[in-house]
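Q: Chain by chain, the residues run as shown.
There are 2 protein chains.
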Amino acid sequence: MRRCKFCGKESYIMLRSPRMALCEEHFVRYFERKVERVIKRHKMFPESAKILIALSGGKDAIAAAIALKNLGYEYECLHINLGIPGYSEESEEVVKKQCEIVGGKLHVVRLKELVGEGIGERKRGRQPCSYCGMTKRYLMNKFAVDNGFDVVVTGHNLDDETAFLLGNLIHWNVDYLGRQGPYLPKGLKLAARAKPLYELTNYEIRKYVDLFNVPVVESKCPFSRGAKSILYAKVLDEIESESPGTKINFVKGCLKNRNLFERDEEIELKECRVCGMPTVGDVCSFCRFWNLGEGVDLRVR
Amino acid sequence: MRRCKFCGKESYIMLRSPRMALCEEHFVRYFERKVERVIKRHKMFPESAKILIALSGGKDAIAAAIALKNLGYEYECLHINLGIPGYSEESEEVVKKQCEIVGGKLHVVRLKELVGEGIGERKRGRQPCSYCGMTKRYLMNKFAVDNGFDVVVTGHNLDDETAFLLGNLIHWNVDYLGRQGPYLPKGLKLAARAKPLYELTNYEIRKYVDLFNVPVVESKCPFSRGAKSILYAKVLDEIESESPGTKINFVKGCLKNRNLFERDEEIELKECRVCGMPTVGDVCSFCRFWNLGEGVDLRVR
Numbered sequence: 395m396r397r398c399k400f401c402g403k404e405s406y407i408m409l410r411s412p413r414m415a416l417c418e419e420h421f422v423r424y425f426e427r428k429v430e431r432v433i434k435r436h437k438m439f440p441e442s443a444k445i446l447i448a449l450s451g452g453k454d455a456i457a458a459a460i461a462l463k464n465l466g467y468e469y470e471c472l473h474i475n476l477g478i479p480g481y482s483e484e485s486e487e488v489v490k491k492q493c494e495i496v497g498g499k500l501h502v503v504r505l506k507e508l509v510g511e512g513i514g515e516r517k518r519g520r521q522p523c524s525y526c527g528m529t530k531r532y533l534m535n536k537f538a539v540d541n542g543f544d545v546v547v548t549g550h551n552l553d554d555e556t557a558f559l560l561g562n563l564i565h566w567n568v569d570y571l572g573r574q575g576p577y578l579p580k581g582l583k584l585a586a587r588a589k590p591l592y593e594l595t596n597y598e599i600r601k602y603v604d605l606f607n608v609p610v611v612e613s614k615c616p617f618s619r620g621a622k623s624i625l626y627a628k629v630l631d632e633i634e635s636e637s638p639g640t641k642i643n644f645v646k647g648c649l650k651n652r653n654l655f656e657r658d659e660e661i662e663l664k665e666c667r668v669c670g671m672p673t674v675g676d677v678c679s680f681c682r683f684w685n686l687g688e689g690v691d692l693r694v695r
Numbered sequence: 395m396r397r398c399k400f401c402g403k404e405s406y407i408m409l410r411s412p413r414m415a416l417c418e419e420h421f422v423r424y425f426e427r428k429v430e431r432v433i434k435r436h437k438m439f440p441e442s443a444k445i446l447i448a449l450s451g452g453k454d455a456i457a458a459a460i461a462l463k464n465l466g467y468e469y470e471c472l473h474i475n476l477g478i479p480g481y482s483e484e485s486e487e488v489v490k491k492q493c494e495i496v497g498g499k500l501h502v503v504r505l506k507e508l509v510g511e512g513i514g515e516r517k518r519g520r521q522p523c524s525y526c527g528m529t530k531r532y533l534m535n536k537f538a539v540d541n542g543f544d545v546v547v548t549g550h551n552l553d554d555e556t557a558f559l560l561g562n563l564i565h566w567n568v569d570y571l572g573r574q575g576p577y578l579p580k581g582l583k584l585a586a587r588a589k590p591l592y593e594l595t596n597y598e599i600r601k602y603v604d605l606f607n608v609p610v611v612e613s614k615c616p617f618s619r620g621a622k623s624i625l626y627a628k629v630l631d632e633i634e635s636e637s638p639g640t641k642i643n644f645v646k647g648c649l650k651n652r653n654l655f656e657r658d659e660e661i662e663l664k665e666c667r668v669c670g671m672p673t674v675g676d677v678c679s680f681c682r683f684w685n686l687g688e689g690v691d692l693r694v695r
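Protein chains in written order, with the numbering used here: chain A, 395 to 695; chain B, 395 to 695.
The following block holds chain A by itself, in its conformation from the complex (with noise of 0.2 Å):
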């Protein structure tokens, strides 16, 4: 039996990068240290900032909101209902059961109600994954704005960053490399968007929500099926099994070299003549894609 490397009690996982075995106290220890080192390390949160904490009903978003609690921090929590036949009511209902147990406000927002249909149900000529994101990251910001929030909280991790890292890296998506990172900064109508479980793993954030006994969703989404992103964090395992760290490494040295990849000129934002929102275009991709004649209104009443 291994045992902690701090108190010699039965260990409760075993760590490759840092090598070593942790009992559960040391462990949830462990992760809330490196999220808050992560929060303070990127100035995510100033002690006044209204936190919003996006919640697909997946591990880990909401271990972001129990460590979030756990190191001190309020905020409120936002849940898309994406209108993917079964896929979406399921999480939705795990989302509420979620919340009931770990606390926070919860708001949901349908995009069928907004947009009269959901993900996937229409065939568009584009992968729903592409325009899946598109919507998310709009309805997100935009319920931030909409209620005051200054910054949205989301679950991604060190796995999901670094297949996205190597995606856009093979094949040279050179403009996203520049955007790349675990904290972008407010700006007009766009609130900040942190990430802090962005140094834990899969595993890690898996063995620290089995701790809790909250639900998650264990299905997969019906539409990631064949995604490259799946076939990207596949290698990547087979990579940081025979070198621990090279993950934590990846991402490390992307963020130091970052500014190889920023453009001199800043992007000229305007307003999006349907919803207001910024844009680089006449009408942003929401309200174009979706199709829209006026705005949608996120304001909770």
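No wet-lab data here; the hints were simulated from the structure.
Hints are all accurate, no fakes.
Same chains, same label: a pair holds when it works inside one copy or across any pair of copies.
Derived DSS-like pairs (lysine-lysine); straight-line CA-CA distance at most 27 Å:
#1 Lys583 with Lys444
#2 Lys601 with Lys646
#3 Lys646 with Lys428
#4 Lys622 with Lys650
Position chain B against the provided structure of chain A, taking the given hints into account.
A: Chain B in isolation, oriented as in the chain A frame:
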């Protein structure tokens, strides 16, 4: 039975990117055209260039030699005997046979005769691979410069290059990325370096060489076991197999974006105090590592 895309004869190889079956004759034509296109696109050999091909004994360099010969180029060959017990004797024997079959005057340089020991013979606190690469590059260049060759051709292929690239990206070896590429031009006491197989895979090269009845060294270098580049090549194979074309787009994207990694300042090269070859320091890595009192003389008499 699959049939050749061009002539309908029985196919010899099935390519996946671009997807097509080819007979022996059309495969050879495809292969050599690809080599020629790479040579022309990167302006590797001016009409009058004196070409030196570095033959290791493996399939890649001899494939380059056969293709160049069939394309009408003239060249001489260099084999560097690295003094790795067992492996290097076999390699030298194979290279001699290759040259008898293919033609091309062969020069052999033996590391042990020059510096008194072979690669990996003594524990030196550094992995053999790290100083072997430096040693080979030095000797190829010194031989070329001492004997008036303009360009050194090596057998680096698409699989080598993408593995190297992935490793350097994952570890953010930014300096290497700016120098990565199929062609490095000539400089003062620096022969140009060219990789005409840059866009061809291990599989294509293997099938090409199989058609010419030349022996190749089949055993692997005893020091290559566990090399990280093998791991990177393996995961790239997985990605390529799910998304054919990834590798070629990966290197082409790198070339297109190489300027991102190039430094503004030019590195000033001095003459090595021992051998007179270009170096950034006082003594070049070769003379320093092998602890030489005078430079090696590779002039052919």
